[in-house]
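**Student:** Letter by letter, the chains look like this.
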Amino acid sequence: MIEARELTKRYGDFTAVDRISFKVKKGEIFGFLGPNGAGKTTTVRMLSTLTSITEGEAYVNGYDVRREKVGVKKSIGVVQDVSNLYDELTVEENLRFLARLYEAPPENVSKLIKDFNLPARKKFGKLSSGYKRRASIVAALIHDPPVIFLDEPTIALDVKSARMVREMIRALNVAGRTIFLTTHNMVEAETLPHRIAIINRGKIVAMGGRSEIRRLLGSETRVRLKVEPLKTSLIHALEEYSPAFEEDALVLKVKDIDAFMDELAEIKGRLGFRIVHLSTELPSIEDVFLELTEEEGEERGCACGGCPI
Amino acid sequence: MKVWAIIVKELREYMLKPGSISWGLVFPLVFSLAFIARFGDIDHLIPGLLSISALFGTTSFVASSIIFERRLRTFERLLLAPVSYGEIILAKVLVGAIFGLLVSLVTLVLVSHFMAYSIWSLPLVLLYLILSNLAFSALGVYVSLAISNSINVMTWLNLIRLPMMFTSGAIASLTLFPRWFLVVGLITPMTYSVDGLRYGLLYYYDVIPPLESMLALVLMFLLFMLLSIRALKKLY
Numbered sequence: 001m002i003e004a005r006e007l008t009k010r011y012g013d014f015t016a017v018d019r020i021s022f023k024v025k026k027g028e029i030f031g032f033l034g035p036n037g038a039g040k041t042t043t044v045r046m047l048s049t050l051t052s053i054t055e056g057e058a059y060v061n062g063y064d065v066r067r068e069k070v071g072v073k074k075s076i077g078v079v080q081d082v083s084n085l086y087d088e089l090t091v092e093e094n095l096r097f098l099a100r101l102y103e104a105p106p107e108n109v110s111k112l113i114k115d116f117n118l119p120a121r122k123k124f125g126k127l128s129s130g131y132k133r134r135a136s137i138v139a140a141l142i143h144d145p146p147v148i149f150l151d152e153p154t155i156a157l158d159v160k161s162a163r164m165v166r167e168m169i170r171a172l173n174v175a176g177r178t179i180f181l182t183t184h185n186m187v188e189a190e191t192l193p194h195r196i197a198i199i200n201r202g203k204i205v206a207m208g209g210r211s212e213i214r215r216l217l218g219s220e221t222r223v224r225l226k227v228e229p230l231k232t233s234l235i236h237a238l239e240e241y242s243p244a245f246e247e248d249a250l251v252l253k254v255k256d257i258d259a260f261m262d263e264l265a266e267i268k269g270r271l272g273f274r275i276v277h278l279s280t281e282l283p284s285i286e287d288v289f290l291e292l293t294e295e296e297g298e299e300r301g302c303a304c305g306g307c308p309i
Numbered sequence: 001m002k003v004w005a006i007i008v009k010e011l012r013e014y015m016l017k018p019g020s021i022s023w024g025l026v027f028p029l030v031f032s033l034a035f036i037a038r039f040g041d042i043d044h045l046i047p048g049l050l051s052i053s054a055l056f057g058t059t060s061f062v063a064s065s066i067i068f069e070r071r072l073r074t075f076e077r078l079l080l081a082p083v084s085y086g087e088i089i090l091a092k093v094l095v096g097a098i099f100g101l102l103v104s105l106v107t108l109v110l111v112s113h114f115m116a117y118s119i120w121s122l123p124l125v126l127l128y129l130i131l132s133n134l135a136f137s138a139l140g141v142y143v144s145l146a147i148s149n150s151i152n153v154m155t156w157l158n159l160i161r162l163p164m165m166f167t168s169g170a171i172a173s174l175t176l177f178p179r180w181f182l183v184v185g186l187i188t189p190m191t192y193s194v195d196g197l198r199y200g201l202l203y204y205y206d207v208i209p210p211l212e213s214m215l216a217l218v219l220m221f222l223l224f225m226l227l228s229i230r231a232l233k234k235l236y
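So the sequence lines, in the order shown, correspond to chains A and B.
The first sequence lines up with residues 1 to 309 when you count with my numbering.
The second sequence lines up with residues 1 to 236 when you count with my numbering.
To be clear, the hints were calculated from the coordinates, so they are not data collected in a lab.
Among the hints, a few may not be true.
As the list claims (entries may be wrong) - Among the chain B residues that face chain A by a calculated CB cut under 7 Å, a handful are:
#1 K2
#2 A5
#3 I7
#4 E13
#5 R71
#6 L72
#7 R73
#8 T74
#9 L79
#10 P82
#11 V83
#12 G86
Said to hold, decoys possible - If you want the ones that stay clear, here's a sample from chain B, every Cβ over 10 Å from chain A, calculated:
#13 I6
#14 Y14
#15 R77
#16 L105
#17 F166
To be verified - As a list, the in silico DMTMM-like pairs of lysine to aspartate or glutamate whose alpha-carbon atoms are at most 25 Å apart:
#18 B:K233 <-> A:D18
#19 A:K123 <-> A:D81
#20 B:K233 <-> A:D13
#21 B:K17 <-> A:D87
#22 B:K2 <-> B:D43
#23 A:K253 <-> A:E240
#24 B:K233 <-> A:E6
#25 A:K74 <-> B:E87
#26 A:K203 <-> A:D18
#27 B:K2 <-> A:D144
#28 B:K2 <-> A:E68
#29 B:K233 <-> A:E107
#30 B:K2 <-> A:E57
#31 A:K74 <-> A:D115
#32 A:K231 <-> A:E212
#33 B:K2 <-> A:E103
#34 B:K234 <-> A:D81
#35 B:K233 <-> A:E57
#36 A:K122 <-> A:E68
#37 A:K226 <-> A:D256
#38 B:K2 <-> A:D18
#39 B:K234 <-> A:D64
#40 B:K2 <-> A:E190
Computed from a predicted model, the values in this text were never measured in an experiment.
No residue lacks a Cβ here, since even glycine has one placed at the ideal position from N, Cα and C.
Please model the entire structure based on the sequences and the hints provided.
**Tutor:** Pasting the structure below:
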């Protein structure tokens with residue numbers, strides 16, 4: 001449904017997106033993760049025809065993004081990282097205007113307003129940020145496109161509104177739409193996408209299903225351990241497992257769980273403490289994300305000052 | 001159809017924005033009133049006042065709309081839709097011209113009360129007003145898109161508009177100035193607008209014959225349209 005081959009965007013000497021390649025299958029939610037300035041938005045802008053492609057090729061719904069822009073535009077709905085409808089128009093007027101631009105049937109407007117429970121007669125500028133985002137998502141559906149691009153859809157939303165938007169995204173996918181979701185929100189990354197690509201400094205550094213991504217940190221298991229009494233000598237004894245505190249528990253990174261359990265039993269006998277809680281979990285997407293983007297995770301500045309990365 | 005949809009949307013969204021009202025409506029009317037209050041009989045100034053109204057009405061409206069749309073990124077809504085660059089620019093130019101025409105017609109009604117002579121040819125005046133508004137609107141769209149930082153658009157526009165009021169012969173006849181001054185005037189659409197309107201209103205012209213003024217305004221409208229399309233493509 002979406003394919004990028006060696007996709008590249010340069011602004012002068014600065015390379016915002018550097019020869020990235022990926023495929024998004026029909027009906028898939030594809031998560032595109034990356035820190036600020038990694039190249040997520042630039043990628044969406046290229047795929048949605050808003051920004052020219054410097055090098056490489058891209059196809060959306062079978063249309064060549066460089067040569068068949070009208071076909072691409074009719075195939076996609078784009079929800080940008082800002083809620084950009086017209087403040088002085090009501091929600092219904094905004095949707096009717098967009099329906100005319102896309103030559104969509106006028107009945108789509110009333111159906112969408114009803115389906116998504118939007119305040120039709122309220123001016124867009126008077127809506128809360130949650131409803132603004134909801135209306136912006138609905139605006140992208142006016143021509144019933146098979147592909148939806150969502151660029152940071154829950155950015156700057158409160159918890160309740162963010163959850164509402166995530167439920168909308170799930171519903172759109174269940175209805176058969178292919179979704180390209182950029183985010184640096186780990187709740188979204190853990191719950192929404194079928195597959196994930198992590199982009200950093202313009203390059204894709206990891207790609208795969210959620211469990212594949214988690215396994216990228218090797219067979220490492222996170223062990224949560226709560227003991228009483230907690231002694232400094234125990235922390236020293238567990239030093240090779242990079243102990244860290246999370247709330248009142250020790251979190252350890254363990255490669256061989258059996259060997260660790262044996263060692264823990266030996267240390268317990270030696271130091272004398274009681275195990276109150278012990279649980280294991282695979283690394284989260286967030287762990288992998290931080291590991292892969294950590295060293296270079298600081299925001300990039302672009303020399304031109306105007307790049308929408 | 002799509003062009004008309006954009007025009008209606010623009011009028012609803014931007015007609016009452018402060019930039020459109022202050023520079024686009026209040027300034028030209030107050031400017032005209034000031035001349036009426038100072039001179040009383042202002043026949044020789046009316047072509048200039050009408051042209052100033054058209055210039056400020058059109059350019060202020062389109063600049064206000066484009067500044068908002070670039071900053072709030074609603075412009076990208078248009079670019080994401082299956083609408084060509086040409087249709088977007090045409091819609092922007094036409095809506096600016098409609099707003100400018102309304103402002104210049106209000107000015108015409110106002111100033112015509114203070115004319116010693118009656119208007120020589122109202123149809124010709126209306127034709128020159130339409131052509132002037134189209135050319136000025138296209139100029140405004142071009143400037144609004146060519147300036148990379150949208151915050152600076154109004155400043156740049158004033159840098160162009162204010163000198164044009166003098167180089168066009170709107171305030172004082174170009175025959176009173178040295179020849180090099182006329183050359184500067186010839187590169188801006190306002191000079192043709194003022195002389196064309198002067199012919200329609202008063203049946204004489206200063207330096208440019210009426211047909212040449214008409215052709216120049218049409219050519220400048222087309223030139224700024226093409227430049228605007230190029231600027232839009234460069235911007236996105």
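**Student:** When the nearest CB of chain A is found for P82 (chain B), is that gap smaller than 7 Å?
**Tutor:** This hint holds: P82 (chain B) lies near chain A, its Cβ roughly 5 Å from the closest one there, short of 7 Å.
**Student:** Does L105 (chain B) really sit off the interface, with its C-beta more than 10 Å from all C-beta atoms of chain A?
**Tutor:** For L105 (chain B), whose nearest Cβ neighbour in chain A is about 24 Å away, the distance exceeds 10 Å, so it holds.
**Student:** Interface hint check: R71 (chain B), Cβ to nearest Cβ on chain A, cutoff 7 Å. Holds or violated?
**Tutor:** 10 Å, violated
**Student:** Please work out if K74 (chain A) and E87 (chain B) have their alpha carbons no farther apart than 25 Å.
**Tutor:** At roughly 17 Å apart (the allowed maximum being 25 Å), E87 (chain B) and K74 (chain A) satisfy the hint.
**Student:** Return the status of the interface hint for L79 (chain B): holds when the least beta-carbon distance to chain A is below 7 Å, violated otherwise.
**Tutor:** The hint holds - L79 (chain B) has a Cβ within 7 Å of chain A, the shortest such distance being about 6 Å.
**Student:** K234 (chain B) and D81 (chain A): Cα distance at most 25 Å?
**Tutor:** Given pair K234 (chain B), D81 (chain A) holds - Cα atoms ~22 Å apart, limit 25 Å.
**Student:** Do the alpha carbons of K233 (chain B) and E57 (chain A) lie within 25 Å of each other, as the hint requires?
**Tutor:** Since the Cα atoms of K233 (chain B) and E57 (chain A) sit roughly 20 Å apart, the hinted pair holds (cutoff 25 Å).
**Student:** Need the status of pair K2 (chain B), E103 (chain A): alpha-carbon distance at most 25 Å?
**Tutor:** 9 Å, holds
**Student:** Sort out whether D18 (chain A) lies within 25 Å of K233 (chain B), counting only the CA atoms.
**Tutor:** Cα-Cα ~23 Å, so holds.
**Student:** Does the claim that R77 (chain B) lies off the interface hold, with its Cβ farther than 10 Å from every Cβ of chain A?
**Tutor:** 6 Å, violated
**Student:** Going by Cβ atoms only, is L72 (chain B) closer than 7 Å to chain A?
**Tutor:** 6 Å, holds
**Student:** Within 25 Å, alpha carbon to alpha carbon, are K17 (chain B) and D87 (chain A)?
**Tutor:** Judged against 25 Å, a Cα distance of about 11 Å means the pair holds.
Hint compliance for this structure: hints 3, 5, 12, 13, 14, 15, 22, 29, 30, 32, 36, 38, 40 are broken, all remaining hints hold.
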